[in-house]
Structure formats: C-alpha cells, structure tokens
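Participant: Each chain is listed here by its residues.
There are 2 protein chains.
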Amino acid sequence: MKRWNGWGEETCDFPLRDDALAFLASRIGPGKAVQDASFEAACASLAPSRLPEHPLIDATPATRLRNALGQSLPDWLKLRFGRIGTAPDGVAFPESAQQVRELIGFAQKNGVSLIPQGGGTSVAGHLTAPGGDKPVLAVNMTRMGRLHYLDKQSQLATFGAGVLGPDLEAQLRAHGYMLGHFPQSFEYSTLGGWVVTRSSGQQSLRYGRIEQMFAGGVVETPQGRLDIPTFPASAAGTDLREIVLGSEGRMGILTEATVRVSPLPEYEAFHAVFFPDWESAEAAVRALAQSRGGLSMLRLSNPLETVTMLALAGHKRLIGLLEGWLKLRGCGEGKCMLMLGASGPRKQARAALRSAIATCRGFKGVHVGRRMGEKWKEGRFRNVYLRNAAWQHGYVIDTVETAVDWPRVALMMRAVEAAATGVLGGMGEKVHTYTHLSHLYAQGASVYTTFVYRLGGDYETDMARWKALKHAVSMAIVDNGGTISHQHGVGSDHAPYLAAEKGAAGMAAMQALFSHFDPQGIMNPGKLLPAGQAA
Amino acid sequence: MKRWNGWGEETCDFPLRDDALAFLASRIGPGKAVQDASFEAACASLAPSRLPEHPLIDATPATRLRNALGQSLPDWLKLRFGRIGTAPDGVAFPESAQQVRELIGFAQKNGVSLIPQGGGTSVAGHLTAPGGDKPVLAVNMTRMGRLHYLDKQSQLATFGAGVLGPDLEAQLRAHGYMLGHFPQSFEYSTLGGWVVTRSSGQQSLRYGRIEQMFAGGVVETPQGRLDIPTFPASAAGTDLREIVLGSEGRMGILTEATVRVSPLPEYEAFHAVFFPDWESAEAAVRALAQSRGGLSMLRLSNPLETVTMLALAGHKRLIGLLEGWLKLRGCGEGKCMLMLGASGPRKQARAALRSAIATCRGFKGVHVGRRMGEKWKEGRFRNVYLRNAAWQHGYVIDTVETAVDWPRVALMMRAVEAAATGVLGGMGEKVHTYTHLSHLYAQGASVYTTFVYRLGGDYETDMARWKALKHAVSMAIVDNGGTISHQHGVGSDHAPYLAAEKGAAGMAAMQALFSHFDPQGIMNPGKLLPAGQAA
Numbered sequence: 001m002k003r004w005n006g007w008g009e010e011t012c013d014f015p016l017r018d019d020a021l022a023f024l025a026s027r028i029g030p031g032k033a034v035q036d037a038s039f040e041a042a043c044a045s046l047a048p049s050r051l052p053e054h055p056l057i058d059a060t061p062a063t064r065l066r067n068a069l070g071q072s073l074p075d076w077l078k079l080r081f082g083r084i085g086t087a088p089d090g091v092a093f094p095e096s097a098q099q100v101r102e103l104i105g106f107a108q109k110n111g112v113s114l115i116p117q118g119g120g121t122s123v124a125g126h127l128t129a130p131g132g133d134k135p136v137l138a139v140n141m142t143r144m145g146r147l148h149y150l151d152k153q154s155q156l157a158t159f160g161a162g163v164l165g166p167d168l169e170a171q172l173r174a175h176g177y178m179l180g181h182f183p184q185s186f187e188y189s190t191l192g193g194w195v196v197t198r199s200s201g202q203q204s205l206r207y208g209r210i211e212q213m214f215a216g217g218v219v220e221t222p223q224g225r226l227d228i229p230t231f232p233a234s235a236a237g238t239d240l241r242e243i244v245l246g247s248e249g250r251m252g253i254l255t256e257a258t259v260r261v262s263p264l265p266e267y268e269a270f271h272a273v274f275f276p277d278w279e280s281a282e283a284a285v286r287a288l289a290q291s292r293g294g295l296s297m298l299r300l301s302n303p304l305e306t307v308t309m310l311a312l313a314g315h316k317r318l319i320g321l322l323e324g325w326l327k328l329r330g331c332g333e334g335k336c337m338l339m340l341g342a343s344g345p346r347k348q349a350r351a352a353l354r355s356a357i358a359t360c361r362g363f364k365g366v367h368v369g370r371r372m373g374e375k376w377k378e379g380r381f382r383n384v385y386l387r388n389a390a391w392q393h394g395y396v397i398d399t400v401e402t403a404v405d406w407p408r409v410a411l412m413m414r415a416v417e418a419a420a421t422g423v424l425g426g427m428g429e430k431v432h433t434y435t436h437l438s439h440l441y442a443q444g445a446s447v448y449t450t451f452v453y454r455l456g457g458d459y460e461t462d463m464a465r466w467k468a469l470k471h472a473v474s475m476a477i478v479d480n481g482g483t484i485s486h487q488h489g490v491g492s493d494h495a496p497y498l499a500a501e502k503g504a505a506g507m508a509a510m511q512a513l514f515s516h517f518d519p520q521g522i523m524n525p526g527k528l529l530p531a532g533q534a535a
Numbered sequence: 001m002k003r004w005n006g007w008g009e010e011t012c013d014f015p016l017r018d019d020a021l022a023f024l025a026s027r028i029g030p031g032k033a034v035q036d037a038s039f040e041a042a043c044a045s046l047a048p049s050r051l052p053e054h055p056l057i058d059a060t061p062a063t064r065l066r067n068a069l070g071q072s073l074p075d076w077l078k079l080r081f082g083r084i085g086t087a088p089d090g091v092a093f094p095e096s097a098q099q100v101r102e103l104i105g106f107a108q109k110n111g112v113s114l115i116p117q118g119g120g121t122s123v124a125g126h127l128t129a130p131g132g133d134k135p136v137l138a139v140n141m142t143r144m145g146r147l148h149y150l151d152k153q154s155q156l157a158t159f160g161a162g163v164l165g166p167d168l169e170a171q172l173r174a175h176g177y178m179l180g181h182f183p184q185s186f187e188y189s190t191l192g193g194w195v196v197t198r199s200s201g202q203q204s205l206r207y208g209r210i211e212q213m214f215a216g217g218v219v220e221t222p223q224g225r226l227d228i229p230t231f232p233a234s235a236a237g238t239d240l241r242e243i244v245l246g247s248e249g250r251m252g253i254l255t256e257a258t259v260r261v262s263p264l265p266e267y268e269a270f271h272a273v274f275f276p277d278w279e280s281a282e283a284a285v286r287a288l289a290q291s292r293g294g295l296s297m298l299r300l301s302n303p304l305e306t307v308t309m310l311a312l313a314g315h316k317r318l319i320g321l322l323e324g325w326l327k328l329r330g331c332g333e334g335k336c337m338l339m340l341g342a343s344g345p346r347k348q349a350r351a352a353l354r355s356a357i358a359t360c361r362g363f364k365g366v367h368v369g370r371r372m373g374e375k376w377k378e379g380r381f382r383n384v385y386l387r388n389a390a391w392q393h394g395y396v397i398d399t400v401e402t403a404v405d406w407p408r409v410a411l412m413m414r415a416v417e418a419a420a421t422g423v424l425g426g427m428g429e430k431v432h433t434y435t436h437l438s439h440l441y442a443q444g445a446s447v448y449t450t451f452v453y454r455l456g457g458d459y460e461t462d463m464a465r466w467k468a469l470k471h472a473v474s475m476a477i478v479d480n481g482g483t484i485s486h487q488h489g490v491g492s493d494h495a496p497y498l499a500a501e502k503g504a505a506g507m508a509a510m511q512a513l514f515s516h517f518d519p520q521g522i523m524n525p526g527k528l529l530p531a532g533q534a535a
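As they're listed, the protein sequences go chains A and B.
Just so you know, UniProt numbering puts 230 at position 230 of the first sequence, and the rest follows in order with no gaps.
Just so you know, UniProt numbering puts 60 at position 60 of the second sequence, and the rest follows in order with no gaps.
Isolated chain A (complex conformation) (with noise of 0.2 Å):
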C-alpha cells in the first residue's frame, strides 16, 4: 500500500547505509530521529466532514487523509507531525466524464471547491484544501486511466487522464508504443497532472516536454466542456492546448488526454562522462544541445552533486578505484559527472551516442563508459525513496528548480545555493546542497538544488525553517531571472512569486481566462494564482 506519509510503498525501503551516514553528519552533523504521528492519531485530528452526502463521495477520514495533501516539504511536516490543518471534506473517484459533470454541479449547487489531483505527487502544494467557510471536495482521478484509442498511423494514443504513468506504459507496450515521459514521480503521477502542470520528464532531450507529447483532450468546465481535437499543427488562433497546460485545475477537470507516443525504441543506453570543472562540463552540455545531435537525456552534477551521488552509491571499493581512475586522467577534486542516454532506432542512438562522446572529450571529457548510466537508469525512481530513509536519521530532503538562459545558469546555482546556506546559516544549521542541470536547451538550463539538513523536531521550528529556506531560494530564482518553476509548477509554494515572471499584466490575463471557465472561482482556488486574486 501507498505510504499516507512518505514516498512510495510502505514495503520498499532503500535504507541509508553507514558511510553515507557517516557523509551527511560530516557535512551538517548528526541528525536526531522524531517520532511520527500515527495514521491514527492524523485521522482522528480531522475536523467532522461539512459535505452533504452524495453517492460517489467518500467523506471518511482515512480517504480524506491520504488524499488531503502532496510531497513538499510542508505537506510531510504536516502528515509527519500530525498537524494536518486543513483537509478535504470528502474525496471522490469519478469512472466518467458524466460523473466529473455531476460533481461540478454538486459543487456549483452548493457551494463547494474542487481540488481535481491525481496520484497526489505535487511538490509545490497544489492540493492543500483552502480554510475558510467552504467545503472542499478532491476529486481523485485516477479510476479514468484506461487506453481509449490508439491510432498507430498517427502514433496518438487517447487515455483517460486519470491513467498513471507506469499503468500508461503497460497499456502503450502491449501495442508495442511507448510515451517516454519520466518526471522522477513518473511511479505514481498521471497524465493529467503532468498536462496541468506542464511537467517534463527525464527523456524529454528526444521525446518533448509534455506540452509537445499533449495532442488534444477534453476538460470539463463550470462554464461546460472544452474539447479540443487533434491536429499536426495549426495556425488557427489561439492553441486552446495552451490554456490547459499548466492551468493547475484553475479552469476545469482534464478527463481526457491524446498523447504523441514512439514506436518502442530499438535501443537505449546511457552512459556517464567525467569533466574536470564545472566549466568544462558546462560548455560540453552546452555544445551538446545546441547541437541537436539527437539525444535524449542530458544531466549534469556540479562538483558537490558528483560527490553526494558517488558517496551514496554504495561500492565504496569500486567507486574508490574509479575515483583513482579519474583522477589519473585529470578529474579529481571538482569534477562534475554527465550523465547522457540515447533512446530510437539503433543506428540513430549509437550515432547520437558516439558523436556526443567525441563531443565531450573536446572539452576534456573523460568516458567511463556504460555500466554507470545504467546503474543510474536502475535507480532513477528510487533514489526517492532516500527521503524516507533520510527523515528516519532526522534529515530532511527539499529540492527547488528553476531554468535560465544560458548566461546566467553558473551563477543561478550559485545564488540558489549561497541563499540557502546563507538563510540556514542563520539559524545555526547547515546544510549540504547540490545542483545539478536536469534538462539541456540551446537556450539555457534548469538548475535543480538540492537541500539536505536537520529536522529540528518540533513541527513550528521546522516549518519555520523551511519558510525561510523557500524564501531564500525563491528569491534567489526571481532575483536572478529564473522562472519559479521549469518542471514542478506553481500550486501554492510559488504562487507568490509568479508575479515577477508573468507581470500584472500577465497575471491579470490568466485571471481573466480562468475566471471565464470558472465565474464562481470553484475550481482549485488560491493555487496558482496568489489567493486575493481569485475571483
């Protein structure tokens, strides 16, 4: 079963082993484990449900629970601490569109706000249930997942947008097709939160952020439904696509989804390459995706990552000898580690492999070869799980990203990096911090920090602690000309800081749309746009 407080299934545990224990109270000292609150103890914190009843609603406060928040950080001190606050009145699980329809009646007839979710992987508190007098109904969608249609002439597969990643998968494999979207949450997110929420995922080098997989769909509206057919491309005015993606659940409920999916690829391969520097490794990545040279992932660890990765690698012995190999060979103390993978028919992937090497050692790129790409692609959804593992030894794990263009990418990691020791500092605790780039553009980069510190224990210091840090840090972003968030979206952590990018302008503009759609302001209200804003 699905943890109520944590990452993932309550039967896997990636446990913390010594030395990498060893490492992080080296780095910011010994954390002290807290005793967490029971499902039990969360549950009975509830506040009595203020739905009427209706048949699809489950208004119990076990399904309340384990669908009232997401994974920030904020929503696990939350469950952690079993200080829950505000908390769905009821849950639903709607089969159809009929039924969405009928809940958006529901809520309209009296006066209740919907907050549509999906596998309720959010890190930017999408799915928090505003106060106030309302009740508030989620609407879980992940009973519409299946596989409608599959037009293999046109690679477009229809899916309820409820469908979660691996089950999208399966469906799509048995055809022989795949979609190729891995968020790191790819486990237990779905289509439909990644279309809202414009989501990228791992191999979007080659198969597109989402908004380049997402062909059409049907979101069902207060104001009735959008249905927005398929077409290669248009000129047509305004792509109505658009003003779905990212919309957060602000104007409606996606229930229907096409995607543009690939033929299974004849091969796939990752492999990791060592720079010496930082500069080095930038440049390379740089030249790699300015070049098109048709790869699919590109991801790369600052100095400080490089380490964490290597230490938390288990195989101290091998990794030892690999360190000694390296340094050899002119990475030592600073070397940045790439990893990159090709994904396609078997000539074009080698090629683009090959090429990309030979690219790499120009800029004094040392090979390793496969076996660590691959042991990268093995646990590219569990390293997750260390959060769970991490919180149990008293540490916490937070992560921010953002993208700049390509002049201001060094100094992004270093200001988001500097804000949070600086702001944690403050406060007497360290904390380890890392960067990598997740995904490369000819235009720039998304810079994703990494956050390790000490839980203080007590559910006041450390939301205290992590206000600050996600001030900092977002600050840190807006200061220097980042977008608030390139992959996790806005919710309502950054919410505050949209302004900044979009201008009055722009904010007035998303209101005005999601106001048409959503007259009364039912729909997910205060996420996304700040809450004054709401109609």
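A couple of the hints might just be wrong.
Copies of the same chain are indistinguishable here, so a pair counts whether it falls within one copy or spans any two.
[What the hints assert, rightly or not] 30 Å max Cα-Cα, derived DSS-like pairs, lysine-lysine:
(1) Lys467 <-> Lys347
(2) Lys364 <-> Lys347
(3) Lys347 <-> Lys2
(4) Lys430 <-> Lys467
(5) Lys109 <-> Lys467
(6) Lys364 <-> Lys152
(7) Lys347 <-> Lys109
(8) Lys375 <-> Lys316
Note that these hints are calculated values from the structure, not bench results.
If you're wondering where the values come from, they're calculated on a predicted model, not measured in any experiment.
Given chain A's structure and the hints, the job is docking chain B onto it.
Facilitator: Below, chain B alone, put in the same frame as chain A:
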C-alpha cells in the same frame, strides 16, 4: 518599388513561357486578359479620410491604398478591378514602442479601430478595413526592424517586430547566425506577422515553426504593456507567448520579439526523389517524419503537382530526358516528386540525407540527385511571381492549406480538390488543381492545394467564383477534420470556419482573452473571431 496590385517588385517579371501557357490552356481553356485599374483611379476611388490629424499619420490616398489590402485573391480582385471598398483612413509608421502606445491612446480617445500590419502578405484577409462608422488606422510596423540584442551563448536575438525576413537574416548573418524561417512570403513578411499568425517556414522540420522560435517579446495592448521574458522552458502556469501567437492583432501590437537562432549551417542541401505513386510516397514521408532523422525539409507533390512543376520548369528537353529515365525506373504516369533538405553541421546533415534517401528506396523511391533540389531552392521565392504572370494571361491562382492526422491526409487532398472541381464545374469552368504536403509531422501533414482557373473578367463574376470556391473547399476541410489553417492564419476569410475546430467553448475563451486586453474592441475588429462576436 513594390507592386501595389500584385506580388513583389515592379521590376521583377517571370513570364509564363509558351509551352506553360499551352499546358494551362489544354487543362482549363484559354485565358482572356483583363485591363487592370490604374493606381490613380484606385486612389481616386477612396472615400475621404475620417481621421483627425496626427503627426504620426499619413492620410494621403497613395499611402492608404498601398496599405489597404493583402495578397488574398479577393484582395487582388479589389486591387486589379479598382474596387477597393473599405480602406484605412490613414497609416502610421511608428518607430518606437512609445509611438505605438501613443497611437493606441489616440485610437482609444478618438474611437478609432487599429489594424496592425507588417509586409502586407496576408492571404486570409487580415488587413481589410471593417466597414461602419469608426475611422480605421493601419499601423505599419516595418520601421521597427532593428536587431536590438544578440545573445550568442543562448542563441537568442531580439528584434523590432516589424523586421522583414531578408533584413532579419541579413542582420543575423553579419554575426554568423540565422533564424531559418522561410515561408514563401519570406521576402515581404515580418517577424511580428509570423508570430501573430503562427507562420511556418519551409525548413521547419529542423528550425521549427515560429511557435518554437518565439522566445519572448513585448506587446503594447489597450490595457497596457505585456512583457514576456525568455526562459528555456517553464512550468509556471500559462505560457504567455501562446496568448500572443495567433492573436492576429486582436490583443495589441507586438513591438519586439526575441527568437531562437542558430549558427549559419555548415552544410545545406536539397535533393529530389520520385515515387511511382502516391501511396508509396505518402508511406515514405510518414516513415521519414516519424523517424526524426534530422532532415530540415520534406515537401511531397501529388501526381498532378508533379506534372505541373515539371511542365513549368523550363528545360523541356532535359525534363523529357528525366521523365524517360524515371519511367524506366518505374516512375511513369502517377509519379510523385519529393523534395528533401538537410541543414546544419556537415556530418549530421549529410548523414540525415543519406539515411533519408535509403529509407525512400525502401518505398520504391528513385533518387535523382541534388540538382533538382537546388533548382527548387533557387526558385522557392520566385514561384509566387507566377501569380502575376498568370493574371496577365487571364488566369487566377489561389491556394488553401490545412493539416490533418495521417489517416485523413489522402482523403483530405482528394476532398479539397474534388470540392474545387465540383463548384467551378457547376459554373461551367474547369479548374487545374494540385496538392503538396508542405510540412510533415509524425502525427500527420499539412495539405496545401493550389487552384488555377480562368478569370471571368468582371469583379462581380470573379468575386462570386472565389466566394463559392472558398466556401466549398473550406467546408471540405472542416468536414474532413482539418484545421482551417496550418500556416496562413484566420483573418476574415477563415473566420466563419473557426468554430468548427474551436467549439463554442473555445471561441468564447478566445473572445474573453482578447476582450480582457481590448475591452473597447479597437484592435483589428472582425478578424479571427467572426465580426458578430467582436466586443
């Protein structure tokens, strides 16, 4: 000087040779030339300007006439027969965003409608002045065409939005860069026009549609300035660029645009391949598009377009030899011509071509080498001039284009051609109609059909012919699930058919968005959304 009533430079003539004329006459009968109205007579026919005087406004009839219309067939009929109808009451040529704001303020204060324009190449009636009591001001943006900033590291270039295609490429070339956007209108169309009509160029397979190139910009709207910063990608809510793209002047005036540029290609080549029949050819281009093999262009002519292009190519003896040779290799009657191109790093581009030609062979394709491809490239901006020459002999040339998913591509081609043949046949006229797929996608293709038929010789007859033809082919597009435009936009000619794809909900959303920026409805009223829906 630019022709006032036709395409291109007055000094450039590309006459139809006798054998080409004989070919046309054999297909649709002999044409009868008509006497064009004189520039002076057309000027004299304009109603007096109703605009108050303003230092930025030129209200002379000559300037008003030269900025009154575009290049659609009804625009031509109005110009050639001297039946201009409505025209703007004046034209402004702003040189700064400040002046654009001043003009918007002037329009708001004086109840004036504004029609933003660039090079006047619209073929969908974007520029027609609406009738009614309100004075109309055309805002010609071509004096705002400077390269403001080139960020080589991020491959971003910021231009005044009125920059014409050749000026844009020349300014970039001086720095070793290019944009790579080559619609057939390239020589007279502007960056701003491309953005607000969602234009697509011949090498979009590598360089992207304008949607992929447009990274940010500035729009002056009646509600103030919308400033869209550049990010490599973002998950932060609605992508404001998408509100500007395809807005066709309805929300404001784009004054500045930042585009994603590329280094000048090391290598560029175009090749021709012939196929024995449409079925093999379509299967081949689908395979090529779906393999993402790195080509920059694919352009497939159907049998009659192939015949026509060979007939108009000149070099009758050489073409005869080619056709004999092709026939021996299985490409006789019914053969289809494919142009394919690659552009970029030498090794990459050559590999893409080699692999593509090998793929073609698997579909019975016969490679005839580079020469015909280069000939095509040479003539690619010259073919438009044929319209002038045809008119001189009493023939009109018109085109429509759409895009559909693969299962409907061939159906669409036949339906559009049959609709044209049917409607003109009903009027006792023949039409020479042929089609190419101008842009190829994994999902489907654009379907671009040309019609050549005889001028009736008087304005009423010819306008009635065009209206009947336009309606018939537009209904064929709509009925077969195509978008009403893949690359030309909506304007006034396509506006009646837009609701078929957007639905009532989509139309209302667009209206809400534009009304938000332009509550008085002064921006290009009646375009894109049917006039009845104007705010």
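Participant: When Cα atoms must be at most 30 Å apart, do lysine 430 and lysine 467 count as within-copy, between-copy, both, or neither?
Facilitator: For lysine 430 and lysine 467, only the intra-copy Cα distance (16 Å) is at most 30 Å; the inter-copy one is 74 Å.
Participant: Have a look at lysine 347 and lysine 109 and pick one of within, between, both or neither, based on CA distance no larger than 30 Å.
Facilitator: neither (59 Å within a copy, 64 Å between copies)
Participant: Is the C-alpha distance from lysine 375 to lysine 316 at most 30 Å within one copy, between copies, in both cases, or in neither?
Facilitator: Only inside one copy: lysine 375 and lysine 316 sit 15 Å apart there, 63 Å across copies, limit 30 Å.
Participant: Between the shortest in-copy and the shortest cross-copy C-alpha distance, which are at most 30 Å for lysine 467 and lysine 347: within, between, both, or neither?
Facilitator: neither (50 Å within a copy, 51 Å between copies)
Participant: 30 Å Cα cut-off: does lysine 364 pair with lysine 347 within a copy, between copies, both or neither?
Facilitator: Classified as both; 26 Å inside a copy, 22 Å across copies.
Participant: Measure nothing new, just compare the shortest in-copy and cross-copy C-alpha distances for lysine 109 and lysine 467 to 30 Å and report within, between, both or neither.
Facilitator: Neither: 37 Å inside a copy, 48 Å across copies.
Participant: Please sort lysine 364 with lysine 152 into within, between, both or neither, judging by C-alpha distance up to 30 Å.
Facilitator: Cα proximity of lysine 364 and lysine 152: across copies only (22 Å, versus 43 Å in one copy).
Participant: Measure nothing new, just compare the shortest in-copy and cross-copy C-alpha distances for lysine 347 and lysine 2 to 30 Å and report within, between, both or neither.
Facilitator: So lysine 347 and lysine 2 fail the 30 Å test inside a copy (41 Å) and across (50 Å) alike.
Checked against the numbered hints above, the structure violates hints 1, 3, 5, 7; every other hint is satisfied.
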